[in-house]
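Colleague: If you read the sequences in order, they're chains F and P.
Here this note's numbering is used: the first residue of the first sequence is 1, the next is one more, and so on.
Here this note's numbering is used: the first residue of the second sequence is 1001, the next is one more, and so on.
Hints in this document: simulated from the structure, not taken from any laboratory.
Cβ atoms here follow ideal geometry from the backbone N, Cα and C, with glycine treated the same way.
It is possible that part of the hints are untrue.
[What the hints assert, rightly or not] Facing chain P, from chain F, some residues (calculated, C-beta under 10 Å):
1. Gly-106
2. Ala-107
3. Leu-109
4. Ala-254
5. Pro-265
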Amino acid sequence: MKHLIDIKDLDVEEIDELIKVAKDIIGNPKKYAHKCEAKILATLFFEPSTRTRLSFESAMLRLGGNVLGFSEASSSSVAKGESVADTIRVVGNYSDIIVMRHPKEGAPLVASEKSDVPIINAGDGGHNHPTQTLTDLLTIKCEKGRLDNLTIGLCGDLKFGRTVHSLITAMSRYKNIKFVLISPPELKLPEYVKKEILEKNKMEYIETDDILEYMDKLDILYMTRVQKERFFNEADYVRLKDYYILNKEKLKVAKKDLCIMHPLPRVNEISADVDQDERACYFKQANYGKYIRMALILKMLEEK
Amino acid sequence: MNIDSIKNGYVIDHLKVGKAMEVYELLNLKNLECQVAIITNAKSNKMKKKDIIKIDKLIDIDLAKLAFIDPDVTINIVKNDKIIEKKKLAQPEKIVNVAKCKNPRCITSIERDLDQIFLLTNKENNTYRCKYCEASLKD
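Construct all of the structure, not just a fragment, from the sequences and the given hints.
Modeller: Okay, structure coming up:
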């Protein structure tokens, strides 16, 4: 594998292999502590994302490697008007692998076309965020023990939520996956995702705007934040941001082994009283993110 | 209505109504010095109504562009007053610098010297998506 731009760049076997390595890292961290010595990971964050950047940096440091980079465009040559293509050509000289986040959709693909070192897309606007999806898959595998035969509730912003679109794409390759799509009418899953992924793969799905309607059927409840930066109109954001608030009361009817996930950061959509519930997996999910990124860095640098 | 037949050239037939002007613009037919006839709302047994373009010269036609605008057209090649070939076109898998991505969040809106590339993602409904942001050209 040369670059990871879209979750579809990985086939099921490659994802299985990454999950296997990540689980081995969890069990034997010392074995991997020096695997990337003398290697450099560059984190090019053209828009701020502390969480994803720190997760990648932590992953590389725990593999014994080094990191360099910038965390916002204003502190890079982009502020002087440099193109993505030029930035990548230069940074490729200073690093062995590049992680990139950019507000413009498709920017990592442009970078991959010009780069001699592997590029990992760490989020491009509302488009792709494949390592979040890998994180989600590792979380599901570790918490539920399987990636098939699951009923998954996706709740919140299903229109602009790229994590949701990528997760649906990734899960479409596993057997007997059912989705419950929970969103306000304005933030419903786009038609093209329904047609080109769900219906094309003959996957069962139900749409509702009531978070409680199918709560008792869910194996996984994936909450998402309504993201301010995806709206052109602030009034729409204000009206929709607190549409769903998951709390202890609402979880009373849920299965005992429900797995509650969230890509984080959360705002109000999961109330703090849920944090103590053993079904809350979102902080564990962030930790799984580091492990799957370690596995991915190893794979892309071809370190065994 | 009579329009002269052509001696050597093309008859682009079975264009969907309204597509003739798009073809005229995109294939730069306005720059030709030969006769070009645009017929809209012509009667058709198969389509009820159709557009037709006649070009009175055997010029180089960008078939990919033409198939992108309307994949169902027929091109009749005329030589010495006779139709010597009827061509059906296949939808191009990829079109380059024919249309511009309308997604303001797409990298193509700011990156210098980047081609505007669209890929055919659904043959049945003729959907093209931007190679970079995957926005549909129709949206």
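Colleague: List in ascending order the numbers of the hints, as given earlier, that are violated by the structure.
Modeller: 4, 5
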